[in-house]
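Visitor: These protein sequence lines map, in sequence, to chains A and B. Heads up, the first sequence is in the working numbering, so the first residue is -2 and it goes up one at a time. Heads up, the second sequence is in the working numbering, so the first residue is 11 and it goes up one at a time.
Some hints could be false.
Incomplete in silico selection of chain B near chain A, CB under 10 Å [as the list claims (entries may be wrong)]:
1) His26
2) Cys32
3) Leu43
4) Ser76
5) Asn111
6) Tyr125
7) Asp138
8) Ser151
Because the hints were derived from the structure by calculation, they are not lab data. Yeah, the Cβ is synthetic: ideal placement off N, Cα and C, and Gly gets one too.
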Amino acid sequence: MKKTIQIPLGSQHISLLEPIRFKFECENEKIIGVDADVGFVHRGVELACTRSFEFKQVGYVVARVCGLCAITHSLSYTLAVEKLLGYEANDRIKYLRMLMVELDRIHSHMLCLAHTAENAGFEALFMQIMADRELVMDLQEAISGNRVQFDFIAIGGVNRDLTPELTSLIHKNLTLLSEKIDTLIGLFDNNWSLSLKYKGVGVLSLEDAYTYNALGPLARATGLATDVRVETSDFPYEAIGYKMVLESTGDIYARNFVRLREIVNSIAMCKNIADNLPSGEILEKTKGKPKGEAVVRVEAPRGELFYLVRGNGGNMLERVRIKTPTFSGIPAMMEVFKGSEYADAPAILASFDPCMSCTAK
Amino acid sequence: MKFFTAFRKKSPWILHYNAGSCNGCDIEILAALGPKFDLERFGVINTGNPKQSDIFLVTGPVTYRSRERLVELYSQIPEPKVVIAVGSCTATGGVFRGMYNVEDGIDQYIPVDVYVPGCASTPQLIIDAIVKALEILETKSKEIEKPFKLFGAIAMVGNKLSRLNMATRVKHDEI
């Protein structure tokens, strides 16, 4: 007699935004084997960057790899091209770029928290977090003109400037948001029914995080101190009050807490930036065509984003290679699924915050 | 029949499928269902089941692997149904037009009733599209309730009786 049964999840599923298919091999209620299929949204962006778009346009094309961390994609590409052109941005540009990246991180983390709450069966909390998230979306719309997919970063600077009215709006909205985050922290910490769903579920140990190369909030929840923001010196993160957030247990609860505390840290950083914005030009002219090879790492909301750009001095690039956080996180994800209950699968999956559009490109 | 039509008008349920988009439009659909824009006050619920849905929200240019799933989902939604293409890449391919794994818009595969512009389209536009879709849904359900003849009129094709037309369903006054 056959002892295990196979249960599929996806590719179209109500609890998942994006098409991904998992094949779970289950023994009674326990998952003992996982098979993931991520190629449903492959569009061929990498090849199009070298064949049909010039290097000045590619920054706006790679933003369409992912809607949640679009700004990080265009930022990494722009940094790589600026390295090839030998251009160093001034402090005002750096600060404005950091501001938008941190705002993007806040809204991405909040969406993930909302999703985790929904997949644990807490619909009201999902609605509450989505309502709080609109404060950040309003800020993004006011600063850049679009709610998601703001084409804010250009080669040689940024496309829009920060006015004094916007600075006061940033302070107003972020102060409101930080109060709401405090109540959320209390809720995620003390709610009894949420603790049943989160505490001790989907545990990734520190050794496994090392072995399977976990990154981002997934690694930081296990106590593995990895963050590209401190490892590279492209941006002055220490100057605006960056603090590494670490938890030790490695379950869904810890992952949620890493996200919540990172939001608190990001809010403080955004306020610092709005207060201490240096003066200078926001868009400078760059000369020349990219020649040579550059590698850039930037911390996306989900972990390390890696870009390799190679040019030969022409308008077209030779190679654009994108390695996204979720792609590196999949082995660790598979490891977590083994041994947990099938009923917890959607909540565990949401707590990783997987981004299939990034992965399949 | 009138009973069900009233419900369909008051609470259209949506099915959301990502056919290769960048998640930008998907999170805007979520935001539209959320508390600020609150599509749910119109009775709109995001179902995961095509058999309970009236409105099919599709995002993304159709990728090579998702086209089969797209047509499958479309055919499982019962009549009357409305298809909304959310975002510019769903309408024409947008920035992804001409990439090797992309099929340049969903109207290559399924008929589309409402196109929503924007990259990414805002929740306001999505709400407008669903209000427009409700009108189309009403006319479509009225069309379905009209009586129809099982056999068409006798038609001659090349001095011969055409059996083809007699067996198909009669559309309006074509024959």
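Visitor: Take the hints in turn and mark each one as holding or not.
Guide: Here is how each hint holds up against the structure:
{"no.": "1", "hint": "His26", "verdict": "8 Å, holds"}
{"no.": "2", "hint": "Cys32", "verdict": "4 Å, holds"}
{"no.": "3", "hint": "Leu43", "verdict": "8 Å, holds"}
{"no.": "4", "hint": "Ser76", "verdict": "5 Å, holds"}
{"no.": "5", "hint": "Asn111", "verdict": "5 Å, holds"}
{"no.": "6", "hint": "Tyr125", "verdict": "18 Å, violated"}
{"no.": "7", "hint": "Asp138", "verdict": "16 Å, violated"}
{"no.": "8", "hint": "Ser151", "verdict": "25 Å, violated"}
In this structure, the hints that do not hold are numbers 6, 7 and 8, in rising order.
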